[in-house]
Amino acid sequence: MTQKTRLILTTLAAGAIALSMPLGVNADPAHDAVLKLYGAPSSFSAARGKAFFLGTHKGGKPQTPSCTTCHTKNPRNSGRTRAGKVIKPMAVSKTPSRFTDPKKVKKWARRNCKTVLGRECTHTELGDVLTYLGSI
Amino acid sequence: MTRLTPFRIFTTAAGLGAILAASVTIADAARLSPVSDKITKTECSACHMVYPPGLLPKASWKKILNTLSDHFGEDASLDAKTTAHIRNYLMSHANTRLKTKASNPTLRITDFYWFNRQHGSRARAYAKSHKSIGTISNCAGCHRSAERGVFGDD
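Line by line, the protein sequences give chains H and Z. Heads up: the first sequence begins at 1 in this note's numbering, then just goes up one per residue. Heads up: the second sequence begins at 1 in this note's numbering, then just goes up one per residue.
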């Protein structure tokens, strides 16, 4: 096999893999690594994640019943903390550094789930939300 | 629109001889040491402006660090190592002249007497009605260099 043929074959293979990936799964390996903390990416649902993100929850602090309290209903927009600080958009398409640092993701998931729901989120909930935010 | 000048109003009052130990403690300088520790700066500026440690006495910082899982209505908990690091920094940089009850310290900077002497109902209304400020606790909304410890710019 000539080098040129090999190059073409490799490119084709990479293209095939990219195309076979379900919509919404990020190409960034760092995103995938973080998503895999919560389970198999194929088991998550962007639709469920969207419903969770937009939903009103019980059990948490009364001032913050939803993710949208601070992040707004459109994750492509900047949010604002209750203390007035701007939060960069949660949508990976707008803030590519989102969900690439496992330590940061775990820290904020723990804090924000407790604030909004009064408990830690399940792996499925987190995987769904990350899938949703990676898809828009 | 004219800018609110509570600081100027206060300094006038102070000049007239108001005997307010706590107020003078802070306003005398109108300049506090900014946070010089990187971890403290990063962690304590994620949700709000980074407050110079001299804005609260030791007992207040101590309680804040012990109750991070319910930090003014939000879970702001950190791992034990980071919390200890920040505690260490704040204990050596806290305001030693501001008084509060050790058993039940005042936690909000905005609940201290000196603060309310300088920020009356007008200042609170102004902060609330301006989206870019949002809340009276966002010092930097008016004091542009608050995070660097400079408060005398209004």
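The hints are simulated quantities; they were obtained by calculation from the structure and are not laboratory data. These numbers were taken from a predicted model, which means no experiment stands behind them. Treat the hints loosely; a few may be bogus.
To be verified - DSSO-like, lysine-lysine: derived pairs with alpha carbons at most 30 angstroms apart:
1. H:Lys103 with Z:Lys101
2. Z:Lys63 with Z:Lys99
3. H:Lys58 with H:Lys88
4. H:Lys107 with Z:Lys58
5. H:Lys61 with Z:Lys58
6. Z:Lys41 with Z:Lys101
7. H:Lys106 with Z:Lys38
8. H:Lys88 with H:Lys107
Stated by the list, open to error - Heads up, incomplete: computed chain Z residues facing chain H, CB under 10 angstroms, no partners named:
9. Ser45
10. Thr67
11. Ser69
12. Glu74
13. Ala80
14. Ser132
15. Gly141
Said to hold, decoys possible - Pair ranges (Cβ atoms, derived):
16. Z:Ile39 with H:His123: 41 to 49 angstroms
17. H:Ala30 with Z:Arg122: 45 to 53 angstroms
18. H:Ser78 with Z:Thr83: 25 to 33 angstroms
19. H:Lys73 with Z:Lys128: 19 to 27 angstroms
20. Z:Arg148 with H:Gly39: 30 to 38 angstroms
21. H:Ser93 with Z:Ala46: 34 to 42 angstroms
22. Z:Thr67 with H:Lys73: 38 to 46 angstroms
23. H:Ser43 with Z:Arg122: 49 to 57 angstroms
24. Z:Asn88 with H:Lys103: 20 to 28 angstroms
25. Z:Lys63 with H:Ser45: 41 to 49 angstroms
A virtual CB, placed ideally from N, CA and C, is assigned to each residue, including glycine.
Hints and how they fare:
For a cut-off of 30 angstroms, the pair hint linking H:Lys103 to Z:Lys101 is broken: about 37 angstroms separates their Cα positions. Note on Z:Lys63 and Z:Lys99: the hinted pairing holds, with a Cα-Cα distance of about 14 angstroms set against a maximum of 30 angstroms. Of the pairs offered as hints, the one joining H:Lys58 and H:Lys88 holds, with about 25 angstroms between alpha carbons and a cut-off of 30 angstroms not exceeded. For the hint pairing H:Lys107 with Z:Lys58, the CA-to-CA distance comes to about 26 angstroms; that is within 30 angstroms, so the pair holds.
This hinted pair checks out: H:Lys61 and Z:Lys58 have alpha carbons roughly 27 angstroms apart, not beyond 30 angstroms. About 26 angstroms separates the Cα atoms of Z:Lys41 and Z:Lys101, which keeps this hinted pair within 30 angstroms; it holds. As the CA atoms of H:Lys106 and Z:Lys38 are separated by approximately 21 angstroms, the hinted pair is consistent with the 30 angstroms bound. For the proposed pair H:Lys88 and H:Lys107, the alpha carbon gap of about 17 angstroms is at most 30 angstroms, so the pair holds.
At its closest, the beta carbon of Z:Ser45 sits 8 angstroms from a beta carbon of chain H; the interface hint therefore holds under the 10 angstroms criterion. Hint status for Z:Thr67: violated, given a least beta-carbon distance of 13 angstroms to chain H, over 10 angstroms. Against a cut-off of 10 angstroms between C-beta atoms, the interface hint on Z:Ser69 holds, since the closest Cβ of chain H lies about 7 angstroms away. Among the interface hints, the one on Z:Glu74 holds; its C-beta lies about 5 angstroms from the nearest C-beta in chain H, closer than the 10 angstroms criterion.
Checking Z:Ala80 against chain H by beta carbon gives a least distance of about 13 angstroms; that is not within 10 angstroms, so the hint is violated. At its closest, the beta carbon of Z:Ser132 sits 8 angstroms from a beta carbon of chain H; the interface hint therefore holds under the 10 angstroms criterion. At its closest, the beta carbon of Z:Gly141 sits 6 angstroms from a beta carbon of chain H; the interface hint therefore holds under the 10 angstroms criterion. For Z:Ile39 paired with H:His123, a C-beta distance near 29 angstroms fails the hint of 41 to 49 angstroms.
The given range of 45 to 53 angstroms is respected by H:Ala30 and Z:Arg122, whose C-beta atoms sit roughly 49 angstroms from each other. The beta-carbon spacing between H:Ser78 and Z:Thr83, approximately 29 angstroms, falls within the hinted interval of 25 to 33 angstroms. Between H:Lys73 and Z:Lys128 the beta carbons are some 23 angstroms apart, a value that agrees with the proposed interval 19 to 27 angstroms. A hinted range of 30 to 38 angstroms is violated for the C-beta pair Z:Arg148 and H:Gly39, which are about 45 angstroms apart.
In this structure the supplied range 34 to 42 angstroms is violated for H:Ser93 paired with Z:Ala46, their Cβ-Cβ distance being about 23 angstroms. In this structure, Z:Thr67 and H:Lys73 break the distance hint of 38 to 46 angstroms, their C-beta atoms being roughly 31 angstroms apart. Our hint of 49 to 57 angstroms for H:Ser43 and Z:Arg122 holds, since their Cβ atoms are close to 56 angstroms apart. Look at Z:Asn88 against H:Lys103: about 21 angstroms separates their beta carbons, and that is inside 20 to 28 angstroms.
Under the hint 41 to 49 angstroms, the C-beta atoms of Z:Lys63 and H:Ser45, about 42 angstroms apart, fit the expected range.
When the structure is compared with the earlier hints, violations turn up for hints 1, 10, 13, 16, 20, 21, 22 and for no others.
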